[in-house]
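Participant: With the hints as constraints, model all of the structure from the sequences given.
Protein chains in written order, with our numbering: chain B, 12 to 194; chain P, 38 to 300; chain C, 84 to 444.
Keep in mind that the hints are not guaranteed to be accurate.
[Stated by the list, open to error] These stretches of chain C come out as covered by chain B in the derived footprint (C-beta under 8 angstroms, 3 or more residues):
{"id": "1", "segment": "260 to 270"}
{"id": "2", "segment": "337 to 351"}
{"id": "3", "segment": "422 to 430"}
[Claimed, not checked] Mimicking BS3-like on lysine-lysine, the simulated pairs with C-alpha atoms at most 30 angstroms apart in a straight line are:
{"id": "4", "chain 1": "C", "residue 1": "K380", "chain 2": "B", "residue 2": "K116"}
{"id": "5", "chain 1": "C", "residue 1": "K282", "chain 2": "P", "residue 2": "K89"}
{"id": "6", "chain 1": "C", "residue 1": "K354", "chain 2": "B", "residue 2": "K150"}
{"id": "7", "chain 1": "P", "residue 1": "K237", "chain 2": "C", "residue 2": "K245"}
{"id": "8", "chain 1": "P", "residue 1": "K135", "chain 2": "C", "residue 2": "K294"}
{"id": "9", "chain 1": "P", "residue 1": "K89", "chain 2": "P", "residue 2": "K237"}
{"id": "10", "chain 1": "B", "residue 1": "K91", "chain 2": "C", "residue 2": "K438"}
{"id": "11", "chain 1": "B", "residue 1": "K97", "chain 2": "C", "residue 2": "K277"}
{"id": "12", "chain 1": "B", "residue 1": "K172", "chain 2": "B", "residue 2": "K150"}
{"id": "13", "chain 1": "P", "residue 1": "K241", "chain 2": "C", "residue 2": "K294"}
{"id": "14", "chain 1": "C", "residue 1": "K277", "chain 2": "P", "residue 2": "K250"}
{"id": "15", "chain 1": "C", "residue 1": "K379", "chain 2": "P", "residue 2": "K250"}
{"id": "16", "chain 1": "P", "residue 1": "K63", "chain 2": "P", "residue 2": "K89"}
{"id": "17", "chain 1": "C", "residue 1": "K127", "chain 2": "B", "residue 2": "K160"}
{"id": "18", "chain 1": "P", "residue 1": "K56", "chain 2": "C", "residue 2": "K438"}
{"id": "19", "chain 1": "P", "residue 1": "K55", "chain 2": "C", "residue 2": "K290"}
{"id": "20", "chain 1": "P", "residue 1": "K48", "chain 2": "C", "residue 2": "K294"}
{"id": "21", "chain 1": "B", "residue 1": "K97", "chain 2": "C", "residue 2": "K212"}
{"id": "22", "chain 1": "C", "residue 1": "K438", "chain 2": "P", "residue 2": "K63"}
{"id": "23", "chain 1": "C", "residue 1": "K318", "chain 2": "C", "residue 2": "K380"}
{"id": "24", "chain 1": "P", "residue 1": "K135", "chain 2": "C", "residue 2": "K127"}
{"id": "25", "chain 1": "P", "residue 1": "K55", "chain 2": "C", "residue 2": "K294"}
{"id": "26", "chain 1": "C", "residue 1": "K438", "chain 2": "B", "residue 2": "K97"}
{"id": "27", "chain 1": "P", "residue 1": "K241", "chain 2": "C", "residue 2": "K277"}
{"id": "28", "chain 1": "P", "residue 1": "K237", "chain 2": "C", "residue 2": "K294"}
{"id": "29", "chain 1": "B", "residue 1": "K91", "chain 2": "C", "residue 2": "K354"}
{"id": "30", "chain 1": "C", "residue 1": "K391", "chain 2": "C", "residue 2": "K379"}
{"id": "31", "chain 1": "C", "residue 1": "K245", "chain 2": "P", "residue 2": "K135"}
{"id": "32", "chain 1": "C", "residue 1": "K290", "chain 2": "P", "residue 2": "K241"}
{"id": "33", "chain 1": "P", "residue 1": "K56", "chain 2": "C", "residue 2": "K290"}
{"id": "34", "chain 1": "C", "residue 1": "K290", "chain 2": "B", "residue 2": "K97"}
{"id": "35", "chain 1": "P", "residue 1": "K135", "chain 2": "C", "residue 2": "K282"}
{"id": "36", "chain 1": "P", "residue 1": "K250", "chain 2": "C", "residue 2": "K290"}
{"id": "37", "chain 1": "B", "residue 1": "K172", "chain 2": "C", "residue 2": "K127"}
{"id": "38", "chain 1": "C", "residue 1": "K379", "chain 2": "C", "residue 2": "K318"}
{"id": "39", "chain 1": "B", "residue 1": "K164", "chain 2": "C", "residue 2": "K127"}
{"id": "40", "chain 1": "P", "residue 1": "K242", "chain 2": "C", "residue 2": "K365"}
I should point out that these hints are in silico values taken from the structure, not numbers from a laboratory. For glycine and all other residues, C-beta sits at the position ideal for the given N, C-alpha and C.
Listed here are the chains, written in short residue letters.
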Amino acid sequence: MTEEIIIAGFGGQGVLSMGKILAYSGVMQDQEVSWLPSYGPEMRGGTANVTVIVSDERISSPSISSFDTAIILNQQSMDKFEPTVKPGGVLLYDPNGISRPPERKDINIYTVEGARLAAEMGNTKIFNMIVLGAYLKVKPIVKLENVIKGLRKSLPERYHKLIPLNEDAITMGMKNVNEVQTV
Amino acid sequence: MAEITVQEIIKPENLVYKKTPLMTDKALSYCPGCGHGTAHRLIMEVIEEMGKENDTIGVAPVGCSVLAYEFMNVDMQEAAHGRAPAVATAIKRLWPDKVVFTYQGDGDLAAIGTGETIHACNRGEQIVIVFINNGIYGMTGGQMAPTTLVGMKTSTTPFGRDVSLMGNPLKITELIAQLPGTYYVTRQAVHTPSAARKAKRAIKKAFENQVNKIPGLSFVEIVSNCNSGWKMTPVDSNNWMEENMFPFYQLGDIKVDGKLIEK
Amino acid sequence: MGELRLMKGNEALAEAAIRAGVDGYFGYPITPQSEVIEYLTSEKPHERTGMVVLQAESEVASINMLYGGGATGKKVMTSSSSPGISLMQEGLSYIAGAEIPCVVVNVVRGGPGLGDIQPSQSDYFQAVKGGGHGDYRLIVLAPSSVQEMSDFVPLAFDLAFKYRNPAMIMSDGLIGQMMEKVELFDPMPRMTDKEIEEKFPWATNGKPVGKERRIITSLDLDPARLEVHNHHLQKKYREIEENEVRYEMFDCDDAEYIIVAYGSSARVCQKSIQLAREEGIKVGLIRPITLWPFPKKQINELVEKGVKGFLSVEMSAGQMVEDIQLAVNGRTRVEYFGRYGGMIPSPEEVVEAFKNKFQED
Numbered sequence: 012m013t014e015e016i017i018i019a020g021f022g023g024q025g026v027l028s029m030g031k032i033l034a035y036s037g038v039m040q041d042q043e044v045s046w047l048p049s050y051g052p053e054m055r056g057g058t059a060n061v062t063v064i065v066s067d068e069r070i071s072s073p074s075i076s077s078f079d080t081a082i083i084l085n086q087q088s089m090d091k092f093e094p095t096v097k098p099g100g101v102l103l104y105d106p107n108g109i110s111r112p113p114e115r116k117d118i119n120i121y122t123v124e125g126a127r128l129a130a131e132m133g134n135t136k137i138f139n140m141i142v143l144g145a146y147l148k149v150k151p152i153v154k155l156e157n158v159i160k161g162l163r164k165s166l167p168e169r170y171h172k173l174i175p176l177n178e179d180a181i182t183m184g185m186k187n188v189n190e191v192q193t194v
Numbered sequence: 038m039a040e041i042t043v044q045e046i047i048k049p050e051n052l053v054y055k056k057t058p059l060m061t062d063k064a065l066s067y068c069p070g071c072g073h074g075t076a077h078r079l080i081m082e083v084i085e086e087m088g089k090e091n092d093t094i095g096v097a098p099v100g101c102s103v104l105a106y107e108f109m110n111v112d113m114q115e116a117a118h119g120r121a122p123a124v125a126t127a128i129k130r131l132w133p134d135k136v137v138f139t140y141q142g143d144g145d146l147a148a149i150g151t152g153e154t155i156h157a158c159n160r161g162e163q164i165v166i167v168f169i170n171n172g173i174y175g176m177t178g179g180q181m182a183p184t185t186l187v188g189m190k191t192s193t194t195p196f197g198r199d200v201s202l203m204g205n206p207l208k209i210t211e212l213i214a215q216l217p218g219t220y221y222v223t224r225q226a227v228h229t230p231s232a233a234r235k236a237k238r239a240i241k242k243a244f245e246n247q248v249n250k251i252p253g254l255s256f257v258e259i260v261s262n263c264n265s266g267w268k269m270t271p272v273d274s275n276n277w278m279e280e281n282m283f284p285f286y287q288l289g290d291i292k293v294d295g296k297l298i299e300k
Numbered sequence: 084m085g086e087l088r089l090m091k092g093n094e095a096l097a098e099a100a101i102r103a104g105v106d107g108y109f110g111y112p113i114t115p116q117s118e119v120i121e122y123l124t125s126e127k128p129h130e131r132t133g134m135v136v137l138q139a140e141s142e143v144a145s146i147n148m149l150y151g152g153g154a155t156g157k158k159v160m161t162s163s164s165s166p167g168i169s170l171m172q173e174g175l176s177y178i179a180g181a182e183i184p185c186v187v188v189n190v191v192r193g194g195p196g197l198g199d200i201q202p203s204q205s206d207y208f209q210a211v212k213g214g215g216h217g218d219y220r221l222i223v224l225a226p227s228s229v230q231e232m233s234d235f236v237p238l239a240f241d242l243a244f245k246y247r248n249p250a251m252i253m254s255d256g257l258i259g260q261m262m263e264k265v266e267l268f269d270p271m272p273r274m275t276d277k278e279i280e281e282k283f284p285w286a287t288n289g290k291p292v293g294k295e296r297r298i299i300t301s302l303d304l305d306p307a308r309l310e311v312h313n314h315h316l317q318k319k320y321r322e323i324e325e326n327e328v329r330y331e332m333f334d335c336d337d338a339e340y341i342i343v344a345y346g347s348s349a350r351v352c353q354k355s356i357q358l359a360r361e362e363g364i365k366v367g368l369i370r371p372i373t374l375w376p377f378p379k380k381q382i383n384e385l386v387e388k389g390v391k392g393f394l395s396v397e398m399s400a401g402q403m404v405e406d407i408q409l410a411v412n413g414r415t416r417v418e419y420f421g422r423y424g425g426m427i428p429s430p431e432e433v434v435e436a437f438k439n440k441f442q443e444d
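Facilitator: Rendered as structure tokens:
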């Protein structure tokens, strides 16, 4: 199994940390992982993306140009990464803030209303965990228990009290993923 | 009366001067009349008197005293031009119980190495900096230094230092005295026996501060002559220094025990 | 098995420095490697091992702090990125001339000039040909994973002290910023002052009682003596070339063509050779781990085995290709493909370039 993912959106949406938690979850179940961020001026407010690879084998190139899954959280990222999804791959996006929905016919498309659900749960910071939950529902590449372990590893101890909230957010995402098209 | 032989005169009780073993037997490479040799000797005498010859690391600069390590008989490093304070910073941080000093000229300390000088002083590195200011680049043949006086002729100011073209002479010692990281800042000379005795006391105080682990850097400027660069006889150069250098670079303590001296 | 962590390359390198018993780190922040000093300061290495960490006023000061600290026999290191490494070249030349062991890390970014902050390999010439003035060499290790960012720290120090020579870890923004799984080695104790004094009689840490004082200098105004010193250095460099070449080969046994790539681009090319082999092209990859000394002999052996061509894949405008050409010496084809300015070639692009270069074969 090798899953090559791009997660892209605005800086501040938790794109990089979502990738980090996913990567840590892979580590927890003895898989090989790589996490390659866009870095530098593309920080808060700008666009941010991260390439995550989770695999049963040694990972060759951490830098890749086509993906099994694209998780897209703003319009610029949609424009940039929709064409990079492999035929038959997955595109998951939050329709909030998307003015031009994806047009590809050869890929599987899902949505999750992450921003709305996060607002309903009263904490916009768990937006990325909702989206992660939706992704894991579509592609259960890591077990939920390992995600929790990954959270425990990647979060500083003083935030560990927030782990149950994050778990709820993941579950919320899993329950609220909508299938737009499958091929 | 019995005749006295030379051998009978050379007895320990008759000795009035003995070269410190912390100066090597190598003939100094400095021009006759230059103050570097005296300054070297004073530092080495202080280290000998403090019993620190096995615990001292000196850092030599680039300039006339680039070969200081040939004459000072302690462990020595030769630094790149201007970088001695950075070199000494690392030595002292890694060997906090050793005695570390730099020996630098005006081009080295106040031109190319200004950044390293100011930051080592500002961090309050527990080192001693000995700064020889003769207002000229001796080694490279008498070019303008940052401390060259206004109107002073050098090979790159053949018509005298013109402030509108070359800026003002830099009083870096007064500048670093303003920094909270310096504990003792003084300006001395070594051209007469009494000046040399005073300078030695200042150097000793600087090294004692370090050995006693008093926080802060001790900085000793020595205003010196460069008879070759100034194109004068040694005696004339010392007279010229008293008449021209000392009014601008006034001798005496500038900061003592971490406090600026009111003038 | 050591402790397993998910870390950025820069963080793994910093953690490895603490664990390798490094005595002093002196550095100045610059993207994309500032995590090194940030990690070190947040880890309080002074409490963990007694390691000194100091943010210097410039890269020029940093490298001269390495000169001073290294010359006392302590394990000292710095890290920077391309423009900062350029500033260090004078100091590196002095360090090489005075034969001071130390480790310098370059997390390379796009140039020339201020360039950008994206991954690049365009400092290759600077790293492997000396970089500053005078005849000298750095031992250059090129990690291609976060694991190697950790493992190469003690290795670089071993080599630096074995040969009394500066060693460089030449990484890039991709390896520095990427997170991967890393197995951390067990901490090694720092050497005591006494051990240093006994082990390194050349080190200037205070004249031993009853013995001659030591001098660390790169100056000798007598050209005849300086030539003798240069002979000594060159002899040392030949010895390093003989003993310290490190490399890795992928699918080279039956390969008709060989891609040569190091660091990040070697990771990209691992994928490229998989893709090419899926199309039936017999291509292998040789990855120099030491960029200097360069694996000349191994390339030579591949030439003698009848390899039809070499492709140098770089994130620079044709630098390493010159070393391959020197090794091959006209006996077979040597081509180049690269991206530069901070761009990373894609695995598919490399395959495409390979086909274009060798399509008539």
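Participant: Hints numbered earlier in the text: which of these fail when held up against the supplied structure?
Facilitator: The structure conflicts with hints 4, 7, 11, 15, 18, 21, 22, 34, 40, although it agrees with all the remaining ones.
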